[in-house]
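The chain contents come next:
There are 2 protein chains.
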Amino acid sequence: MLDDKNLYKTPISEYGEFGLIKHLTENFENINLSTSQSIGDDASILDAKNKKVVISTDLLIENVHFNLTYTPLKHLGYKSVVVGISDIVAMNAIPEQIMVSIAISNRFPVEALEEIYSGIQAACKRYRIDLVGGDTASSNLGLVINITSIGYADESEIVYRKGAKANDLLIASGDLGGAYFGLQVLERENTAFKSNPNLQPDLAGYSYLLERQLKPEARTDIKTLLKEMNILPTSMIDISDGLASEILHLSDQSNVGFTIYEDKVPMDNQVITTAEEFGINPVTGILNGGEDYELLFTISINDLDKIKNNPNFSIIGHATTEKNNVLITKGNTESIPLTAQGWDAYLKKKNKI
Amino acid sequence: MLDDKNLYKTPISEYGEFGLIKHLTENFENINLSTSQSIGDDASILDAKNKKVVISTDLLIENVHFNLTYTPLKHLGYKSVVVGISDIVAMNAIPEQIMVSIAISNRFPVEALEEIYSGIQAACKRYRIDLVGGDTASSNLGLVINITSIGYADESEIVYRKGAKANDLLIASGDLGGAYFGLQVLERENTAFKSNPNLQPDLAGYSYLLERQLKPEARTDIKTLLKEMNILPTSMIDISDGLASEILHLSDQSNVGFTIYEDKVPMDNQVITTAEEFGINPVTGILNGGEDYELLFTISINDLDKIKNNPNFSIIGHATTEKNNVLITKGNTESIPLTAQGWDAYLKKKNKI
Numbered sequence: 119m120l121d122d123k124n125l126y127k128t129p130i131s132e133y134g135e136f137g138l139i140k141h142l143t144e145n146f147e148n149i150n151l152s153t154s155q156s157i158g159d160d161a162s163i164l165d166a167k168n169k170k171v172v173i174s175t176d177l178l179i180e181n182v183h184f185n186l187t188y189t190p191l192k193h194l195g196y197k198s199v200v201v202g203i204s205d206i207v208a209m210n211a212i213p214e215q216i217m218v219s220i221a222i223s224n225r226f227p228v229e230a231l232e233e234i235y236s237g238i239q240a241a242c243k244r245y246r247i248d249l250v251g252g253d254t255a256s257s258n259l260g261l262v263i264n265i266t267s268i269g270y271a272d273e274s275e276i277v278y279r280k281g282a283k284a285n286d287l288l289i290a291s292g293d294l295g296g297a298y299f300g301l302q303v304l305e306r307e308n309t310a311f312k313s314n315p316n317l318q319p320d321l322a323g324y325s326y327l328l329e330r331q332l333k334p335e336a337r338t339d340i341k342t343l344l345k346e347m348n349i350l351p352t353s354m355i356d357i358s359d360g361l362a363s364e365i366l367h368l369s370d371q372s373n374v375g376f377t378i379y380e381d382k383v384p385m386d387n388q389v390i391t392t393a394e395e396f397g398i399n400p401v402t403g404i405l406n407g408g409e410d411y412e413l414l415f416t417i418s419i420n421d422l423d424k425i426k427n428n429p430n431f432s433i434i435g436h437a438t439t440e441k442n443n444v445l446i447t448k449g450n451t452e453s454i455p456l457t458a459q460g461w462d463a464y465l466k467k468k469n470k471i
Numbered sequence: 119m120l121d122d123k124n125l126y127k128t129p130i131s132e133y134g135e136f137g138l139i140k141h142l143t144e145n146f147e148n149i150n151l152s153t154s155q156s157i158g159d160d161a162s163i164l165d166a167k168n169k170k171v172v173i174s175t176d177l178l179i180e181n182v183h184f185n186l187t188y189t190p191l192k193h194l195g196y197k198s199v200v201v202g203i204s205d206i207v208a209m210n211a212i213p214e215q216i217m218v219s220i221a222i223s224n225r226f227p228v229e230a231l232e233e234i235y236s237g238i239q240a241a242c243k244r245y246r247i248d249l250v251g252g253d254t255a256s257s258n259l260g261l262v263i264n265i266t267s268i269g270y271a272d273e274s275e276i277v278y279r280k281g282a283k284a285n286d287l288l289i290a291s292g293d294l295g296g297a298y299f300g301l302q303v304l305e306r307e308n309t310a311f312k313s314n315p316n317l318q319p320d321l322a323g324y325s326y327l328l329e330r331q332l333k334p335e336a337r338t339d340i341k342t343l344l345k346e347m348n349i350l351p352t353s354m355i356d357i358s359d360g361l362a363s364e365i366l367h368l369s370d371q372s373n374v375g376f377t378i379y380e381d382k383v384p385m386d387n388q389v390i391t392t393a394e395e396f397g398i399n400p401v402t403g404i405l406n407g408g409e410d411y412e413l414l415f416t417i418s419i420n421d422l423d424k425i426k427n428n429p430n431f432s433i434i435g436h437a438t439t440e441k442n443n444v445l446i447t448k449g450n451t452e453s454i455p456l457t458a459q460g461w462d463a464y465l466k467k468k469n470k471i
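Line by line, the protein sequences are chains A and B.
Mapped onto this note's numbering, the consecutive letters of the first sequence carry residue numbers 119 to 471.
Mapped onto this note's numbering, the consecutive letters of the second sequence carry residue numbers 119 to 471.
Because the hints were derived from the structure by calculation, they are not lab data.
Among the clues, some could well be false.
No distinction is drawn between identical chains; accordingly, a pair holds when it is met within one copy or between any pair of copies.
[Claimed, not checked] In silico lysine to any residue, SDA-like type, Cα no more than 20 Å apart, as pairs:
(1) K280 <-> N442
(2) K140 <-> N442
(3) K169 <-> D272
(4) K169 <-> E335
(5) K280 <-> I157
(6) K140 <-> K280
(7) K441 <-> G158
(8) K140 <-> N373
(9) K167 <-> E275
(10) K426 <-> G323
(11) K169 <-> N150
(12) K283 <-> D421
(13) K243 <-> N145
(14) K169 <-> P190
(15) K167 <-> E273
(16) K341 <-> P429
(17) K448 <-> P384
Let's have the full structure, built from the sequences with the hints guiding it.
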């Protein structure tokens, strides 16, 4: 509903595989010194200098991770890069390259691929990333995108999931839940449109949520912000699968428990009003939702004064000695244990294995 | 027809995403010093020391790159690794890590994934590769595998597609066409089986071809062989898309032409007899077929004596000064120009974009 399909006309079969890759990537420019040789050979060459290489891969599947009914292809390209480099950022490293594999049905014209690549290029420019490789294939199936992300860090700067200690503070960057409630709005309007195609989608008043869902940003700025504050997190993860899932990962891998302060979980006003409209507790949405691409990390309690009034960060809890015991508390009410139930149910809903 | 589906029973939904990855990879052991941190965090950490990082990605799609009717899942896992690391080998680098993303339908049980991973593990052991990451997702579509391959080389050792000079000798490792004619046999038996399911496939006498198609090997040994012979190729590529395609790549990127000696193209006796059976010129099959995963490279004519009697290698032609003019000649007959037509037609047949 967001793209005018009539504008598209060039069949993919007009290009060979290599001609197509060349056509799609010819306007990409490499800017990082770590990129020694880019697209055009059997493999690409990277120069890590004295740094460690940080590498990750993400697979995005049509109708599992995205719905083309309401996802513009350019946004999808942009978001794919963000999803990929967010994993590198979560290690406190600097992302510098991506490789993109795309399988696409012949029902898509070349212009559709150009749209995806224009989004990829916009994200590469925004984040100073070089596109150094990839693969394309046809698919009778649907659209499939795989992003391999590569970054660099000094060994002493890398932050794992495993370093949290009891009494460390648990911090979230930005605000949470926007992407999840944006998805609820898009799904609702899509359902309404399917039952009555004359209905125009009513998206007014949800602009922040829709941007968080359709064009999220990766927090490549956090590494610098923390360095300026002279803080090195003790553990870190990106918030991609819902806050509950990420806290449980830190708990499991750091051998600590956590107590979460429900009323400290940061959220935009649109999240609050939209959650009310849908009859969902906003914190439940944040715990079990996902796709925030904010960072969740722990710091030593000795660093409290450096961060406590910084508007970029919210202290949402603290680590405890009891491994895997994650409690959520609100004011004087009883603490409720947070289990893996939440995100597993969410994953099933999202049809992930 | 090669797997007994009744043996499989555990639904994938019994595992969460993270539980599933953990289950599938728990028996993998890392052996390379360049693997600093493997699966289990947002990203993996690699240590390139003073070497360059060589990296590539390959996307394999059901019914485009493989047919599960006659491809055992374990072989598919093995072959996926071979396809991936062959690109690293083609840069004269040593592959040391892979990352594997798999999208799989819920119609597959956990045991099917275990079969794929057992093949991946067998290849990892055979080639001393560490599995350092990956992603899994469900797919309503079909089986999708993306392999990211990482290797290392000193800068002075890396061989590109672009270094061939006029009068260089063109060399192929091993023998060619086996995988292509193996595919023809499998397709023929599959067609016969579909028209009469009581027919047993007749695969006797094609064992070498079937092994080349279903369980190819990557030529990780060539780098050492050449080093012992004191030869550094001037250009190199792996033979994955058919010999014609690869020669045209070397020609294009090195700004040279080539003359190919048709009767020097190396082939096994099963290729000759099976080509005859199918009424196909074996060299035509080799030029336009693919999936040999042998190496094609050029060396200086000064190195002729070092290689000319080595049974691992065949001198199949030489480079000329005329860029993009690739001719194939047989004895005293006229030279025929080799165009991109061949492999483009092949790609269309294979449904690649």
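How the hints compare with the structure:
no.: 1; hint: K280 <-> N442; verdict: within (13 Å within a copy, 55 Å between copies)
no.: 2; hint: K140 <-> N442; verdict: between (50 Å within a copy, 18 Å between copies)
no.: 3; hint: K169 <-> D272; verdict: both (5 Å within a copy, 16 Å between copies)
no.: 4; hint: K169 <-> E335; verdict: neither (25 Å within a copy, 33 Å between copies)
no.: 5; hint: K280 <-> I157; verdict: between (36 Å within a copy, 13 Å between copies)
no.: 6; hint: K140 <-> K280; verdict: between (42 Å within a copy, 16 Å between copies)
no.: 7; hint: K441 <-> G158; verdict: between (49 Å within a copy, 18 Å between copies)
no.: 8; hint: K140 <-> N373; verdict: between (48 Å within a copy, 18 Å between copies)
no.: 9; hint: K167 <-> E275; verdict: both (15 Å within a copy, 17 Å between copies)
no.: 10; hint: K426 <-> G323; verdict: neither (31 Å within a copy, 75 Å between copies)
no.: 11; hint: K169 <-> N150; verdict: both (14 Å within a copy, 18 Å between copies)
no.: 12; hint: K283 <-> D421; verdict: within (13 Å within a copy, 62 Å between copies)
no.: 13; hint: K243 <-> N145; verdict: within (11 Å within a copy, 40 Å between copies)
no.: 14; hint: K169 <-> P190; verdict: neither (37 Å within a copy, 41 Å between copies)
no.: 15; hint: K167 <-> E273; verdict: both (12 Å within a copy, 12 Å between copies)
no.: 16; hint: K341 <-> P429; verdict: within (16 Å within a copy, 55 Å between copies)
no.: 17; hint: K448 <-> P384; verdict: within (14 Å within a copy, 75 Å between copies)
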